[in-house]
Structures are given as C-alpha cells and as structure tokens.
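Chemist: Sequence:
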Amino acid sequence: MSGVPPHEQNSHLLMALDNMRQGLTMFDASERLIFCNAQFLRMHELSPDQVQPGCTLREVLELRVRSATLFGDVDHIVERTRQRVASGKITRTLDEWVNGRVVAIEVAPIGDGAWVTTHDDITEHVEAVDQLRRTKNFLDTIIDHVPATIIVKDAASFRYVLVNKNGEEYLGHAKDQLIGRTADEIFPAAVAAKVAEQDRHALASPERLVYQSAPLHDPDSRILIQGRKCVVRSPGSAPEYLLSIIEDVTERTRTAERLSFQARHDALTGLPNRVQLTERIDDALSRLKRRGEHFTVMLLDLDRFKSVNDSLGHPIGDGLLNAVAQRLRASLPETDFVARLGGDEFAILQTFEGDQREAAVALSNRILDVFSATYDVGGHQVVTGTSIGIAFAPEHGTDVDQLMKGADLALYRAKSRGRNQFCVFEPAMETEAHSRHALEIDLRNALKHAEFEVHYQPVFDTVMETPCGAEALLRWRHPQKGLVSPAEFIPVAEETGLIIPVGEWVLRTACREATNWSSHMKVAVNVSPVQFRKGDLVDTVARALVDSNLPPERLELEITESVLLHNNEENLAIMSALKSLGVSIVLDDFGTGYSSLSYLKMFPFDKIKIDRSFVTELSERPDCAAIVCAIVNLARILNMVTTAEGIETREQLLLLRAAGCSFAQGYLLGRPVRGTELAFYTPTGGACDHAAA
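Taking this note's numbering, the leading residue of the sequence shown gets 598, the next gets one more, and so forth.
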C-alpha cells in the first residue's frame, strides 16, 4: 500500500479485521488485550465499552462468563491458554456450547509471548456433520435390517467396502474380517474363484443389472439364492463400486413351484389337469405335423359315481376317485398320458405303434376290465364302471378343440347306450349333437309358448271292463314338426333339467282336468328321476292338489326303478312324504330292472305296473305268462294291485284277467286322447259313461 499514509493503512486493516467472519483477539506477553474485532464482541455479546485494549485475559474471560457465553473454570482456561502459547504451536479446540452454538477456538503464538486467538462459529458445519453421521447411522440400520445380503466392493480391487448383517451371516464372517479384504483372502480357492468370475462377468456385462441364481455355496445345498449385481459408475462412467444384492429365494421358489404344480395338476388325485392335457395334445399335434405321428384322445366318465357320493358321502367318493387314478396310472404304459379333468371325468392321450384303432380298442378293453374289479374304499366295497369316448388324430381332428369335442360326443354315445362300454367318434354324432341342441332350444320355447299338451290313456278294471281312471301322457305339438315323439324329447328334457318345470306343468294340468271326471276316477302322472333329484317334489304335489281341489286319493304317481338307483335313503324319504299326503305310489315298468324285488322290499308301493314287454308275447311265450302270473301273485301277497300295460288283443286281456291282474290299459281299451275327448269326461264332473273309449 505504498503512498498510503500509515494511519490510513491501519484504518483499512482494522476495517478488514472487523469484517472477518471469525471473531479475533490479540494479546501481548503480559496477557493484555491489544485488539478485538467487532465479530468477537457480537459473538460473545460484549460491548466495546466493556472490552478495551489493556484488559487482561482473565477480565475478558470473566466478562464472557457474566454474558453466559462461557462455561467452565476461568483459572483453568487461563492456565490452558498459557500452555498453548508456550508450546509455540497453533492449537485448536472446540469450545463447549456458546449460546447454543459451537465455536472452534484457535490459538496462534506470534512471538515474544504474544498470541492471536480466532473464534470460528462452526455450528452449521457441526450440525451438517452430525446430520451426515445420523444419516449414515440411519442408512446403516436400514441396510442391516434389509432381509437380503448387501455387499459393496471396490470395482478395481474387488475389496469389500460395505457388508450388512445379512451379508455377515451369508458370508460366514464378521464385518471387520471382511472390510478391506478380497474374496481370495477369506474363502477357499474354489469359492473365491467362482466369486471373482461372477464379479468380472458383472463388470463386463452391458446390462445394468446382472441376475444369477444358484444353490448356497455348494450344489447340494437345499437353500436357493438369487443374486443381482450392479456396477456403480463415476460421473465419468468409470466403474467405482460393485453392488451385490443376494436373497434367499428358497421359500419363494418352492411356493412358485407349488403354485405351478397346483395350476397344472388336480388337487385331489395329483394327476395332471386339463391345462397340462391341452399342452400335451398341442405337443402331439406338433409331432403329428412334423413327423406324422398319430395319437388318440380318450375321455372317461365313471358310471354311477353320483350314487356313490350320495349314498356313501363325498369322502368315500374322493377315495374312489383316488383309487381310480391309481388304477389308470398302473394300466397305462409310460408313453401314455392320463389327466383328471374334474368331477368323475378323466382323459388319456395314447401313443402307440401299429394300428391306431386296434391299439385304442385294446386299451379300452383293458381299462373296462380293470375297472370291473371291486374297490375297497374306507371299508366300503364299491363297484363302478366307466364309459369311454375315443377320437383319433388326425382322422377326427387336427386341433385340441376338435379332438376333445369328438371324444366327448363319443363318450355321450357310450353313456346313452347303457354305459360301461367305449365308442369311437363318428361324424354322425356331431349332427346328432346339433339336432339335440336345436331340440333343447325348441323345448325351452315350447314351455314359453304353451306348445305342450296332456293326453290321457284310460285304465280299465279287468273284471268289469269299466274305466277307473287314466294315465296322463305328455305330448308336444311343435309348430313346424307337428307331434314330436316323447321318446325323442323326454331324454333331452331330463338331461337339461327342463323336465322339472315341464313335469310340474303336467302334474298341475292333470290334477285340474281330473276334477272334471267322476269322483271315483283316478289320474296317474309319471314322475322323472330328475324331479326326485333336483325338484321340490313334495311341495309341488301338495300345491297341485290344493290348487286343483283334487282329493289326494285320486292321484297316482308313477316312478321307475331308476329313481331308486340314486339316493336311496333320500328318495325313500320323499316317497314316504308323498304317501303321507294321501297319494298312491306306483312302480312302473316292473320286471325290466335287475333288482325289482329288492325295491318291493324297500318301499310299500300301492301298485305295480307290468311292463308291456311281457304282455306283448303273453299268448305266444309260456315264460312271459309265467312271469306275469308270478308278478300278480307276488303283488297279492304284498297287498298291492297290478296294472298291465300295452294290451292290444282281446286274448291278452282275457289271459290277464285269468291271471288275476287288477287293471289294464292299451290300444284295445283306448288310445291316448285329449282330456275333453275321454268318454268319461263331463264338464261338471258328473256321472261316468262306462263305455270303453
């Protein structure tokens, strides 16, 4: 500052010192204040009047104590300051809290016993450092509690720089044994070489994340791990760190495998399910296309399975399904595939050598034979059979849907033919299926548009040859086809469940129209097995009687033996409830079933109807005459009456009368007609005309 007067130079210097961020004091060898700047005074809440040049160090310290910016023993601080000056070195200490702030005090000897002291407020810096420490501790805590192994290595040296608690457990070493060391220094050579190979692969990979899965350390371990490695790069894109995150995915993998198994297998039997069957057929179709390898699809349905469930309970039904699955597995060669599709339906994908049809027939016969043996399930002896539908690839289709549909149609044919047999798909079955579907739609419309009619066939007393009632028969007058045979539409109605509303309509109509007959005339209404299984039959009958005001003793309900094939106890209870209403229960088509006598023992029927098959050849075949006589005598012993149906000749009627049959019906005595066309019909329910219809 040449050319500037000394006093101006001093003024500039003092101004600069006053503008310092730090507080500053200067003491001479006698410990007297030479100078302090304005920042020092502000920092310690002192005034220029209090702190004057010439004040001793002790006096300044005592002023700070009084202003509460200094805590501690003044004598101790004075002595410590002397020692620091005497050392001839610059020393730095942190003052304790000064008005809630942190001050760094630096003592710098300047020769001849004098010194300069600076007071630097570093509160923000200390807080930042403390916040950084807290953040680091927080992150360390979080990282240590992450349920995965976290490892960070130097990208150049592969030395560990961070390992969390999970990492210590995973690596089998404490953190202080890992940090600063490489895998070569810690693990066996083979393990270290594998780790180094993975690290180098991650560094060389263009992918941001590199995934690796393996057993834990050794191939025989049951613990599975999944590793992810990420290269952390500098701003210049140079690799700085290698971050590894390693998770124990054993349970997750097992769960995924379990869910995958459940998605592709039947929960009850453990067999593959429809999903896997579809995949296998797709694979077989690919081989068919590439190499011309034919294959066969079979669908199997257990016969009378519902009766097992209903009579013995679902646990026994489940046991039977498991037993069936085991027999199927044992019956098939390893090249064949078996699946359960649900319920009591199974499927087989058959591969073969030689003739396709011959192989399918041979396997089907083997399965039918295997199924015929009795099953021991839960202490119960269970007998079941199976129906089998067969479709050939490529003859019957070259996609999954075609083959499954073909086998299903063939299965339907096998069941409709009496079950416990197999059928091969034929194109005509598809035509029949379309017709059946169209018939179902027409049936639903028929119910909606009142196309059904009830016709009545009179029933006669065989001795007096006078009418005593009539059987109600359902007829369908189709708007385009005219009268449709019951044999054509009743099975479809039963299969679709439409027989329930249709059967209720017949019952209500017959009861209502029978009130126009003479009071001793009975009306007989057929009841389908489906109405027993799915309908509220007792309430339906009760409502029909109440609504029509028909006396219960004038109503007969005809059932076939098939009703008792399922839910014996439940159906017997329904029949008992019906009898308690006062109606009569008739066993229809007697003699055509295989266990009719046991049914007569089960339930006290009011009447037995002798099937027309015995009546038709009554005069030509002695065995038919013997059977009819036996049935009539059996009924008499059991206090039941009998009705013979299908009488077409006078000779048949006379023979039945001689045998003791109570009632008769057939074309000889009267064909089915509308209710208003019956000879004994009177609009007011008056006297009966005894002439035969």
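No lab work stands behind these hints, which were simulated from the structure alone.
Please read all numbers here as calculations on a predicted model, not as lab measurements.
Take these hints with a grain of salt, some might be off.
[Claimed, not checked] Listed next, the in silico DSS-like pairs over lysine-lysine satisfying Cα-Cα at most 30 Å (straight line): (1) K791 - K762; (2) K791 - K886; (3) K1045 - K1078; (4) K1012 - K1002; (5) K762 - K886; (6) K1198 - K1078; (7) K772 - K733; (8) K903 - K886; (9) K1131 - K1176; (10) K1002 - K903; (11) K903 - K1176; (12) K772 - K762; (13) K1176 - K1198; (14) K886 - K772; (15) K903 - K733; (16) K762 - K733; (17) K1198 - K1002; (18) K686 - K733; (19) K686 - K903; (20) K1131 - K1012; (21) K762 - K903.
[As the list claims (entries may be wrong)] Simulated restraints, written as ranges between beta carbons of each label pair: (22) R887 - S754: 49 to 57 Å; (23) R871 - D915: 16 to 24 Å; (24) P785 - R855: 17 to 25 Å; (25) V788 - E942: 52 to 60 Å.
No residue lacks a Cβ here, since even glycine has one placed at the ideal position from N, Cα and C.
Chemist: A separate judgement is required for each hint: does it hold in the structure or not?
Modeler: For each hint, the structure was consulted:
no.	hint	verdict
1	K791 - K762	22 Å, holds
2	K791 - K886	45 Å, violated
3	K1045 - K1078	17 Å, holds
4	K1012 - K1002	15 Å, holds
5	K762 - K886	57 Å, violated
6	K1198 - K1078	44 Å, violated
7	K772 - K733	16 Å, holds
8	K903 - K886	40 Å, violated
9	K1131 - K1176	19 Å, holds
10	K1002 - K903	23 Å, holds
11	K903 - K1176	26 Å, holds
12	K772 - K762	8 Å, holds
13	K1176 - K1198	16 Å, holds
14	K886 - K772	61 Å, violated
15	K903 - K733	69 Å, violated
16	K762 - K733	15 Å, holds
17	K1198 - K1002	43 Å, violated
18	K686 - K733	35 Å, violated
19	K686 - K903	103 Å, violated
20	K1131 - K1012	21 Å, holds
21	K762 - K903	60 Å, violated
22	R887 - S754: 49 to 57 Å	55 Å, holds
23	R871 - D915: 16 to 24 Å	19 Å, holds
24	P785 - R855: 17 to 25 Å	34 Å, violated
25	V788 - E942: 52 to 60 Å	53 Å, holds
This entry does not satisfy hints 2, 5, 6, 8, 14, 15, 17, 18, 19, 21 and 24, going by the numbered hints stated previously.
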